[in-house]
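Q: Okay, here's what each chain looks like letter by letter:
Protein chains: 2
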Amino acid sequence: MPSPVLDADQLDAVDPLASFRDRFALPAGVRYFDGNSLGAPARGIAERVAGVIGREWREGLIGSWEAGWLELPRRVAARLAPFLGVGAGEVAVADATSVNLFKLLGAALAARPGRRRVLAPRGNFPSDLYVARSAASLHGADLVTVPAGDLAAAVDETTAVVTLSHVDYRSGELFDLAALASAAHGRGALLLADVSHSVGAMPLRLADWSVDLAVGCGYKFLGGGPGAPAFLVVREPLQEQLISPLPGWLGHLEPFAFDEEYRPAAGVDRFLCGTPPILSLAALDAALVAWEGIDLGAVRRWAESLGDFFIALADERLAAAGVVVASPREAARRGAQVSLRHPRSSRLVAALGERGIVCDFRPPDVMRFGLHPLYVRHADVAAAVAACEELLSREGVAR
Amino acid sequence: MPSPVLDADQLDAVDPLASFRDRFALPAGVRYFDGNSLGAPARGIAERVAGVIGREWREGLIGSWEAGWLELPRRVAARLAPFLGVGAGEVAVADATSVNLFKLLGAALAARPGRRRVLAPRGNFPSDLYVARSAASLHGADLVTVPAGDLAAAVDETTAVVTLSHVDYRSGELFDLAALASAAHGRGALLLADVSHSVGAMPLRLADWSVDLAVGCGYKFLGGGPGAPAFLVVREPLQEQLISPLPGWLGHLEPFAFDEEYRPAAGVDRFLCGTPPILSLAALDAALVAWEGIDLGAVRRWAESLGDFFIALADERLAAAGVVVASPREAARRGAQVSLRHPRSSRLVAALGERGIVCDFRPPDVMRFGLHPLYVRHADVAAAVAACEELLSREGVAR
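Residue numbers (my numbering), protein chains in the order written: chain A, 2 to 400; chain B, 2 to 400.
If you're looking for bench data, these hints aren't it; they were derived computationally from the structure. This one's a predicted model, so the numbers in the text were calculated from it and none came from an experiment. Every residue gets a Cβ at the ideal spot worked out from N, C-alpha and C, and that includes glycine. A few of these clues could be false.
[What the hints assert, rightly or not] Between beta-carbon pairs, the in silico distance windows are: (1) B/Ala313 x A/Glu255: 31 to 37 angstroms; (2) A/Ala313 x B/Ala258: 31 to 37 angstroms; (3) B/Gly150 x A/Val290: 51 to 57 angstroms; (4) B/Pro83 x A/Phe257: 51 to 57 angstroms; (5) B/Arg117 x A/Pro238: 33 to 39 angstroms.
[What the hints assert, rightly or not] Interface residues of chain B toward chain A, partial, derived using beta-carbon atoms under 10 angstroms: (6) Leu12; (7) Ala51; (8) Arg134; (9) Pro227; (10) Ala229.
Sequences are here, hints too, so could you generate the full structure?
A: Here you go:
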């Protein structure tokens, strides 16, 4: 049987991302498998935010709005567009993911008055379901959930929008958005994807896949910082049809006219709402600067390799102790994440954390290992599996 | 005629806020009359945010959520409560003001199904009107606007909510919330105040005034930074009746249960929504720390004195050149702001800015001077009026 450590070293020896790894400042001794939940900070973010506070805010005061802050959401949107595979004019950066999902679902339901169903997979990200249920209810519509595998077949003429997370947060399953868009469009419905768990982990091609609408957060793989501003995508042909149910001053055609009537801004900027949190937004901007020159195709291939290696090792070393691989085995159907199930997952996650191996627990029994390609290597995976094996051999954790 | 400069010096000589002024770091040569729009940064904010990035995010990574970030909205809410005159358990810090207004109007309309009107003053803050119109429409209700002076008399049995900005953003007029609450309650309606333009400028006593609901932003007088998170107030007796139309994971009773059904958190925290922007939130927290020990009564008295002095000087020096005082002359009816009208206001504001006197223009012809008590003195007011006088005597600006 080949040594997995040796395999890891061999796999890590040919690292197309090697020259970018020093852009990310992980603490010594930590193997970080939570980049899918909170990305680690890139170098340069601290300096950027210090400049925003010390120069732009302190020296520039109110004048900094005209000198750059008002344009910052648009600049960040332009940086995000290549991650998403859409035009810069199809992205807006604002608010939290849930707020953006509410805006888009509300706008889509209002634009499709004859269709009173929002369709989502059972087990979809919980807060996406809360928001979908509320938005549907406010429009006299219903949220209907079906097993993920039945989603395409469940679209019918009453469906206004099909919405789902691109990657299942528990299992890491990656859904085929192009196929779902085709199924939705075949019945006249729209597809709204939450790409929070895939953006930055793989090249997204939302335009090529004919995805109509999308939302996502900036703080997972993208590394924009805790609670970084979220984004939304409205494909160009839909922009003039959709009106935000959250009309704020920055989404007005003329924000400084102080007009008592709301007139939506041209294009996707109508989905901006209130004053953006500039410190957090500048951190996200600096985080995206740190991605410059990084090939998302190489990022994806590395994540697939990490996942394949993780699953092979788990089968070899952990299956006998009752650990079950809960993620798809086929790399093409898996996000940059491997999930394992075990009755003592909660305790295992805590014990791994004490050894500097940071992953997380999701009820009822899932250990999630995010595989951020920019700071996880095969050696980290080997170390995590070895630590699990050792912990499972002990009475207290395993039984 | 007394010299206004001498008067200014005399007035500034007895300064109850003198010992606090060095907490705020204004650039040299700037007289800042826009603290009502973007408060200046307090010392300590830069260090705090640097610590959040360099220690909490970089070193603590995902663990910082449990180690403090999840509690930060509640901590900031507790710091804000004394500014508002309500209990800490009646404040939530989240999202932007417009988003919070949407949440509260939506929740109030849903809780008052027999009442289909939202009442607001004509000339209310524009984006508050946009949001009110949208929220009303989603609930089958209407926004009705009347002249501000007619607001109390216009409340009737069809009114669900009366909503207004505590201070008129153009004129600086300060409305009597206690009287409006009484009028609203007399007909069974609720009062929702936007205190963005008064919080930090005077002691608010929302509980004593029987205000039911409030929203406001953190970046004006409070100095929380550009786009600082906003807040909302739900008085305790209403909390269990109201359900947010924006149900996010942080507003769930058990955020980490990943429950597919939304169950609202107890109390005001149900109005939290998505992941808070921690960098911006930490800046707001540090800004509020800088207010410790500052008596809001003294702040209010200083602002009144600044405003009275400003108006007396404007009458004496600027009236002949066509400048009209657009703010109430009675201090008790005026926020910490003086507005002047002149046909060339836009050009005057620009010319003042070139001399380091920072104020702003609001259409059609208003110059706004925010009087932030912690960094405006009577000498600044005298300098602003003298500069206006000099500029108005020139051909290019005055005619």
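Q: Taking each numbered hint in turn, which are not upheld by the structure, reported in ascending numerical order?
A: Numbers 4 and 6, in rising order.
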